[in-house]
Amino acid sequence: ETGVTQTPRHLVMGMTNKKSLKCEQHLGHNAMYWYKQSAKKPLELMFVYSLEERVENNSVPSRFSPECPNSSHLFLHLHTLQPEDSALYLCASSQDWGAHGELFFGEGSRLTVL
Amino acid sequence: SQQGEEDPQALSIQEGENATMNCSYKTSINNLQWYRQNSGRGLVHLILIRSNEREKHSGRLRVTLDTSKKSSSLLITASRAADTASYFCATVSNTGKLIFGQGTTLQVKP
Chain A
1 ETGVTQTPRH
11 LVMGMTNKKS
21 LKCEQHLGHN
31 AMYWYKQSAK
41 KPLELMFVYS
51 LEERVENNSV
61 PSRFSPECPN
71 SSHLFLHLHT
81 LQPEDSALYL
91 CASSQDWGAH
101 GELFFGEGSR
111 LTVL
Chain B
115 SQQGEEDPQA
125 LSIQEGENAT
135 MNCSYKTSIN
145 NLQWYRQNSG
155 RGLVHLILIR
165 SNEREKHSGR
175 LRVTLDTSKK
185 SSSLLITASR
195 AADTASYFCA
205 TVSNTGKLIF
215 GQGTTLQVKP
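Here the protein sequences line up with chains A and B, keeping their order.
Read in order, the letters of the first sequence are residues 1 to 114 in this note's numbering.
Read in order, the letters of the second sequence are residues 115 to 224 in this note's numbering.
Source of the hints: derived by calculation from the structure; they are not laboratory data.
Positions of the beta carbon are idealized from the N, C-alpha and C atoms, including for glycine.
A portion of the hints provided could be inaccurate.
[To be verified] A partial selection of chain B residues facing chain A, derived with a Cβ cut-off under 10 Å:
#1 Q147
#2 H159
#3 N166
#4 K170
#5 F202
#6 V222
Excised from the complex, chain A in its bound form (with noise of 0.2 Å):
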């Protein structure tokens, strides 16, 4: 596989669930991203990773938990959900954090929460 995978594509999840989305990268990348996209808002930046630390972290819920196991794996964990979390989360990587460069996306999860 090339890219960036993200599972599981689709998550219907009630407001008491514990679930997790996972998303891949096989580029090498040093830098990965967790954006949310909620319809008519403008992509919003949850978390960032580089070489596996976290070096961004924008207000975000703490039922919404991130792990980064290594600089290939990226998870989000997520806890006690709200039906305003539902919409469209995004990974992405990119060689290095602050480097100017393109951001690889993956094909989204699509979250519903009940």
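Fit chain B to the given chain A structure using the hints.
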């Protein structure tokens, strides 16, 4: 904030016509990037133009950058139905911070 603001928000044209989308921003940049997103999918990088460049081409895409006006435009020539998508500009600051605009939704009718 140096968020890019796209104009128009939505654009509908006939196949074969040219499509022009504009992006304005507020503060100085290192570069500006354009991305495309098909409905419900991830974003795909199209082109990057640096602050010292004025124009760049890639296939049917032409991007211009006017740093004095803090604006950029994306021109898609001879559009095709397959060009139907949302297009986003993203500004990159000198510290590497990347911020996306709200996007332009393009519909190309066959």
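Outcome of the hint check:
no. : hint : in the structure
1   : Q147 : holds (6 Å)
2   : H159 : holds (4 Å)
3   : N166 : violated (13 Å)
4   : K170 : violated (13 Å)
5   : F202 : holds (7 Å)
6   : V222 : violated (21 Å)
In this structure, the earlier hints numbered 3, 4 and 6 are contradicted, and the remaining ones agree with it.
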